[in-house]
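Peer 1: Its first residue numbered 77, the sequence shown is counted upward by one per residue in the numbering used here.
Check the hints yourself; a few may be wrong.
[Stated by the list, open to error] Okay, the calculated beta carbon distance ranges per label pair:
hint, residue 1, residue 2, range
1, G91, E181, 30 to 36 Å
2, Y182, K139, 21 to 27 Å
3, A149, A89, 22 to 28 Å
4, Q78, S192, 28 to 34 Å
[Unchecked claim] Listed below are the simulated EDC-like cross-link pairs for lysine to aspartate or glutamate, each with C-alpha atoms no more than 20 Å apart in a straight line:
hint, residue 1, residue 2
5, K139, E121
6, K179, E156
7, K179, E136
8, K161, D107
9, K118, D163
10, K161, E136
11, K94, E156
12, K118, E136
13, K94, D163
14, K139, D163
15, K150, D107
16, K171, E156
17, K94, E136
18, K150, E121
19, K171, E121
20, K171, D107
21, K94, E181
22, K179, D107
23, K161, E121
Just so you know, these hints were derived from the structure itself, not from any lab.
The structure displayed is predicted, hence computed values, not measured ones.
The beta-carbon is built from N, C-alpha and C at its ideal position, and this holds for glycine as well.
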Amino acid sequence: VQLVESGGGLVQAGGSLKLSCAASRSMFLNDQMGWYRQAPGKQREFVAFVIGTGLSTYAEFVKGRFTISRDSAKNTVYLEMNSLKPDDTAVYYCKYVVNYPRKIEYWGQGTQVTVSS
77 VQLVESGGGL VQAGGSLKLS CAASRSMFLN DQMGWYRQAP GKQREFVAFV IGTGLSTYAE
137 FVKGRFTISR DSAKNTVYLE MNSLKPDDTA VYYCKYVVNY PRKIEYWGQG TQVTVSS
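Model the full assembly from the supplied sequences, consistent with the hints where possible.
Peer 2: Dropping the structure here:
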């Protein structure tokens, strides 16, 4: 599975950005697709994901600010980020997980999000 991300950039605190991740395959019911992020000097952390059934899950620190959605026709997942804070500054990575018949993980190249104060 190949992943192509877009939408990162520089934004002021309180602003919004929308990230996109296009996959080279359609999601199966057991597949997962979502976003992680890695700030300088920190470990990569989970942000949000959606599974093939449409169910989504968020990290606590983005609940109410970020929304993950998908366009099945385009094999694309979006991450709409509102009320951005300087702490949201990181490289955001798209991740695709195939769970059947065995677990395989795929990562995108990452897109930089910088939030200025």
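Peer 1: Out of the numbered hints, which ones does the structure contradict?
Peer 2: 3, 6, 7, 8, 18 and 21
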